[in-house]
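**Q** Chains as they are written, first to last, in my numbering: chain X, 5 to 340; chain W, 5 to 340; chain P, 5 to 340; chain C, 5 to 340.
Just so you know, these hints were derived from the structure itself, not from any lab.
Heads up, some of the hints might be wrong.
Because identical chains cannot be distinguished in the list, a pair is counted as satisfied if it fits within a single copy or across any two copies.
[Unchecked claim] Calculated cross-link-like contacts (lysine to aspartate or glutamate; reagent style EDC-like; alpha-carbon spacing at most 20 Å): (1) Lys111 - Asp73; (2) Lys170 - Glu218; (3) Lys338 - Asp90; (4) Lys142 - Asp317; (5) Lys170 - Asp237; (6) Lys171 - Glu221; (7) Lys142 - Glu32; (8) Lys171 - Asp115; (9) Lys86 - Glu38; (10) Lys265 - Glu296; (11) Lys234 - Glu250.
Residues per chain, in single letters:
4 protein chains.
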Amino acid sequence: MSLVTFRQDKTMDFVAVGRLCIDLNANEIHRPMEETMTFTKYVGGSPANICIGMSRLGLQCGFIGKVSDDQMGRFIVQYLDKEGIDTGNVVIDSTGAVTGLAFTEIKSPSDCSILMYRDNVADLKLTAHEVQEELIAKTKIVLISGTALAQSPSREAVIQAVHYAKKHGAVVAFDLDYRPYSWASAEETAIYYNLAAEKSDIIIGTREEFNAMEMFENNPDHSDKVTASKWFDYSARIVIIKHGKEGSIAYGKDGSSNRAKSFPSKVLKTFGAGDSYASAFLYGLLQGWTVEKSMEFGSASASIVISRHSCSDAMPTAAEVAEYIEQCNQNEIKAN
Amino acid sequence: MSLVTFRQDKTMDFVAVGRLCIDLNANEIHRPMEETMTFTKYVGGSPANICIGMSRLGLQCGFIGKVSDDQMGRFIVQYLDKEGIDTGNVVIDSTGAVTGLAFTEIKSPSDCSILMYRDNVADLKLTAHEVQEELIAKTKIVLISGTALAQSPSREAVIQAVHYAKKHGAVVAFDLDYRPYSWASAEETAIYYNLAAEKSDIIIGTREEFNAMEMFENNPDHSDKVTASKWFDYSARIVIIKHGKEGSIAYGKDGSSNRAKSFPSKVLKTFGAGDSYASAFLYGLLQGWTVEKSMEFGSASASIVISRHSCSDAMPTAAEVAEYIEQCNQNEIKAN
Amino acid sequence: MSLVTFRQDKTMDFVAVGRLCIDLNANEIHRPMEETMTFTKYVGGSPANICIGMSRLGLQCGFIGKVSDDQMGRFIVQYLDKEGIDTGNVVIDSTGAVTGLAFTEIKSPSDCSILMYRDNVADLKLTAHEVQEELIAKTKIVLISGTALAQSPSREAVIQAVHYAKKHGAVVAFDLDYRPYSWASAEETAIYYNLAAEKSDIIIGTREEFNAMEMFENNPDHSDKVTASKWFDYSARIVIIKHGKEGSIAYGKDGSSNRAKSFPSKVLKTFGAGDSYASAFLYGLLQGWTVEKSMEFGSASASIVISRHSCSDAMPTAAEVAEYIEQCNQNEIKAN
Amino acid sequence: MSLVTFRQDKTMDFVAVGRLCIDLNANEIHRPMEETMTFTKYVGGSPANICIGMSRLGLQCGFIGKVSDDQMGRFIVQYLDKEGIDTGNVVIDSTGAVTGLAFTEIKSPSDCSILMYRDNVADLKLTAHEVQEELIAKTKIVLISGTALAQSPSREAVIQAVHYAKKHGAVVAFDLDYRPYSWASAEETAIYYNLAAEKSDIIIGTREEFNAMEMFENNPDHSDKVTASKWFDYSARIVIIKHGKEGSIAYGKDGSSNRAKSFPSKVLKTFGAGDSYASAFLYGLLQGWTVEKSMEFGSASASIVISRHSCSDAMPTAAEVAEYIEQCNQNEIKAN
C-alpha cells in the first residue's frame, strides 16, 4: 500500500499557495552583478516554480496567491494562464503593494547569489478570506510554502488553506522554503513552521531548514532520523531532508528510508534545483510510483533545470525527464 | 549685474543632495511592459542625473547621498567615480535598505510610464549627521531635490544641508521633483516644500509641482507670476516654472521674465528632459551667461537626452550641446 | 469518571499566562467618568484576576507574563508576591513598554464601561523564549487568555506555552477573553482562537466570543450545541458558553450539559463576574467536584465579586464562597 | 521702547498650540508610587497649564489642539470651557487615539518624578489643516510648545501655526518643553527646534533644553550669551534661559540682560514651576511691564504653584500673585 493516497474523486491535481514573484536573471554571467548590464524577466517564487513544473508535467494545476496591480503582476497572471494553470484564486492587490523581485548573480556554476526585493510585496498580503474553499475542496494536493507563513495576513491565509485541505481530504505538502529576511525572528519561524508541519502529510526541506524548526527541540546532532520521527506522531507520511550535493533522504511513516539517486548536469546555476525536484517527486507520487522512483524522477528534473537560464520557464515535460534519465543511463550526459 | 552670483573662492562647482537609484529601461520598446522581456540597468534619480550632467559638462561635482550595501549600491558608486564625481559623502547604508528602482515602460515616444520600487530605500535613510559641512563649505551650488524631503531622516539631512549652504554662502538650487508616492500627505508636501523654498536662491519646478506647494496659498488661477513673486520676498533670485511642451518661463527677482526656446528632437522617450535641462541651465549660470542663453543651453541638452535610451548615461558634453544648437540653427535636426 | 483528570504528581495547581495590568476604578461612582475626580489602583487583567482568585481559594499558583520596568510593573509583582503567587516567570520588559490601564466608569450597577490604554503594553511583549518549560512541566492546569493571542510576540508565547502544556500533560484551560481593540482583524481573531481551541481541554467564553471564533464556520443560529460539539472532535472535555444574565451552560465530551445556578447579589458593578466564576469553577474541578457543583461555586463567587469595588482584590476565599452559598440558601442575601 | 510690541488691534490676547493631557497626581505622597493607592485627575500639559494660567490672570485666551473622543478628552474640553478659554479650535480625534497621561510620584518636595503614557496620543495627531488661520489672525501672542514638534502631523501643524502667526503679525513665543521620549532622535530634535526658533520672538527654555538645540553648533562652554546671541540674528527679541534653583536670565535683542528674583515657597512638589512662570511673565509683557518686573511676577506665580497639589488648577489670579509678592516683601512667607 502507498504511503500517501490521493482522493481520486478530485478533479484538480495540485494547488500551490504562496509566493508569486519575478526573477531578473543576469544575461552577462560569470561576473559580479555590478558588471551585469541587462537582465531577463521570468516568473519566480518557489511555489510558482513548482506549480509551473507540475503543469508542464501534464497535471491539472491551480494557484492561490496575490499579485500587484501593475505590469509585473499582470505579466505573472498572463504567464500562468498561458501555462494552463487555473488563476481564478490569484487575487489582485489593491493596497499599492509591489511584486517581489529576485536579481540573480551568477559568478560561476557554483557561486550564485540573489538580491531580493521583499518590502511591501503583494504575495504576503493574501488574506484568509480570499482563499477559496471550493478550489481546495476539489484538489488532491495542496502545497504550502514556508515563506508565506512569514507575515500576516499571508500567514493566516496559509493556516486557513491548510484547514480547508484537512477538512476536504486533500494531501498537504509543506515545502519549508525558509528565507530568513522575511521573518521577524527565528523564534517566530520555529513556532509557525511547527504549527504547519503538525498538519502536513509530506514535509520537504533542507537540513538547515529543519534545524531552524527545531529551535525548541532537543536534537543536538541534527539527526535526520530524529527530525523525521517527530512528525510521524502528527500527520506526516513522508519527510524529505535535503543535503545539497550529498543528496536527499526520504523517511516514511512505515519506517522506510530512501536516498535519491543523482544525475550529471551541465550546470549553469544552482537555482531551481529544489523546485524542480519537488514538482517531479510529487508528480511521481500522484502516478502511484514508489518513493524511490519518484525521487529519481525528481533528481533528473533538477539536473535539467540547473543547466538552463531560468527556474520557471526551464521546467521540463515528463517526456523530457524520461528522456534525460535514459540519456544518463546511456552515459550520454556529462557534467561540466 | 547677474541675478545670481557665485563665490569664486570655492573649489567645488556643484553638489547634489538626495536620491541615487537604478533605472531599468525596457530594451524591447513600443509595447506594454508586460511584454518587455529584458531591461538595461542605469544610474538614475533626478539629482544623480543632474550631477552626472554637470560633470559631463566639465564641472567639479560631488554628491551627498546614501546607497545600499549590495551590488546595486556598489554599481552606483563605481559609476559616479568613473564620471569623476566626488563620492566622499556617499554613505553606505547599514540597515538592510535597498536601492530604489524605476522600471521604464516606453509604449511610444509620448506614452511613457515608470514602475517604481521605493519601499525601504537607502536614499531616504541619509541622516543630518552624515552630511559633511566641509564639503558644502567649499561648494558654489548646492542642489536639493524635493523627493529627499519626503521622509525622515533624509528630510532632516536636506534641511541640514541647506543650513550649511546658507552658512557658507553657497547658492541653493531647489528642484521640486515631486513624487506623490513617497509622501504621507499632500499637506506635508506643501509644508516642507515651503520651508525649503524659503531658503532657496533658485527654484525649478513644473506648474503642477508649484500647485502642490500652494495648498495653503491663495492663487486660484495658478498664475506663474503670483507663484514666483512670493519667493522673491524670501531668498529667491530665479524661479523657473515648466509647462511641458509649452516651454518654461524664468522669473527674476529683478522683475525680468524669459521664455525658453525649444529645439527639435528625434524623441525616443520623455524621461530625463527636466534633469538635462536643469544641469545645462545651471552650467550656463556658472559660466556667467544670461538667463536667456542658459535656458537655451538647457533646452538643447534636453532635446539630446530625450533622443537617447537612458537619462544619466545620455548626458551630453558642452561641445555636444553647442554642436546640437548649431545643427538646429542650420535646420539639420528634424523632429520625429 | 471525571470529564477532566488532573495529574496528581504535579506540585503547582495552576498557572495563568497573559495579561497583567492596572485597573483604575472610579471612587466617585454613579456618574460619567468626566465627573470622577479620583481613582483607586488595583491589579487587573482577566488571567491576573483568575490567578489571584485561585490563590485566595488556597491553591498553589504561578503566573507567566511580562510587566513594565516602572512603578506600575513593580506594584503588580509586589501584589502577586504578597498573594503568594509564584512570580518567577513574570518577566520585566526592557523596551520601554508601559502597563496596560483600565479606567472604569460606573454610572449604575448595570451601566459600566471601561476606558482602556493598550498601546505599547508590556504584557503583549512576552516572547516564546521567556516561557519557562520547567514551570509548566510541574503544573496541573495552564490557563491561557485570548487577549494574549492578539499580537506578536505574546501570540507565539501562548502557542509555546500550550505546546509545553500538552507535552507535559497539563490540562489546558482557554478563557476566550476577546477584546476587539487589541486585534488587527476579526479574521485573525478567528484563526488564532481556533488554533488555540483545538488544543484546549476546557474552553470558556461568552456566546459573542464563540461567535467571533466561528467566522469561517457554518452555525447560522449560533447554536451552543453546534459550537461545543466541534471542539469535542479535537481535545476538549468541557465547553462553557456564557449568556450573561441568562446564565451559563457547560457541555461535556460525555454528552452531558449543565446550567449554572445563579445567586442574588447587591451589585456594585458588573466587572469581574467572569473571572471570579472561572477561578471558582476550576477550583471545583481540581477538588474533584462535579461540573454542576463547580458551576454553583463559580456563580456564588461571581455574586460576591460584583458586590465589591475591585475585581482582583475582591476575590473571596473558599470559606467566604461556601458561607455565601449558605446565606443565599437561607435567603439572607437580597439583590439590589 | 519695548523689546516686544503687541498688536493692539487684536482681540484675543493669547493662544497656545499643542499638548492637552491629564495629570494623575498621587494623593498619598512622600512615598514611592508603588505605594500610592489613589490619584486625583487634573488637566495637564505644558501649553495647557500656561493657557489656564493666562486665563486666570484675566486674559482672553484660546487653545489649538486635539483631544481623544472619550471621557478624558471631554473632561479636558469641559475644564477649558469652564475656565473661559476659547475651545473652538480644540479638535476631537477620530482615529481612536487616547489622551496622554502623567502619573506623578512625589517622594519629597525635591524628589518628584513622572510616569508618562504617550503612545498613540491625540495631541500629536493635530494636522496643519485643522489649525484655524482666522483664530491666529486675531491673536496677540501665539505660544508653541516643543513637544508638539516631536511627531507628524502635529509637527507640521505647529509649523503652519507659526506661518500664520508671522503672516498676521502675532508675537511667537516658543517654550522649548523638551521631552526626549517623544522624539525619534536627538538630531531631529535639534533640527526642528532650530527651525521653530528661527521664527520666534520670545524663546524660553532650560539650559539643558538649549543644549539639545545646539547639537550642530559650536558652544562648548554652554554659554548663555552665545546661545541667546544666535537667535537675535533671526527673529528673536527675548531669550530666557532657566537654570533651575539658580534662577533664570533673560537676554534682550537690545543687549540687555536680567536675572529673575526668586521668592520663598512652602514647596509641595516641583512640577508646574516653569508653566506658571511663563504665563505670568508673558502676562507682564502684555501689560507693558519691563522684562525685570515681568520676571518678578513670573517667579512669584511659580512659588505659588509649587506649594499646591496640581499644575493647572493651582494657577493663581493676578491679585493672588500681587498679594504673594507683597507678603514676601513683608517676610510673611517662609520656605519649608
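**Q** Now tell me, hint by hint, if it's right for this structure.
**A** Tested hints:
no. : hint            : verdict
1   : Lys111 - Asp73  : between (33 Å within a copy, 18 Å between copies)
2   : Lys170 - Glu218 : between (24 Å within a copy, 17 Å between copies)
3   : Lys338 - Asp90  : neither (37 Å within a copy, 51 Å between copies)
4   : Lys142 - Asp317 : neither (27 Å within a copy, 54 Å between copies)
5   : Lys170 - Asp237 : both (16 Å within a copy, 13 Å between copies)
6   : Lys171 - Glu221 : between (29 Å within a copy, 12 Å between copies)
7   : Lys142 - Glu32  : neither (44 Å within a copy, 41 Å between copies)
8   : Lys171 - Asp115 : neither (44 Å within a copy, 43 Å between copies)
9   : Lys86 - Glu38   : between (33 Å within a copy, 13 Å between copies)
10  : Lys265 - Glu296 : within (9 Å within a copy, 63 Å between copies)
11  : Lys234 - Glu250 : neither (23 Å within a copy, 46 Å between copies)
Hint check: violations occur at hints 3, 4, 7, 8, 11; the rest are consistent with the structure.
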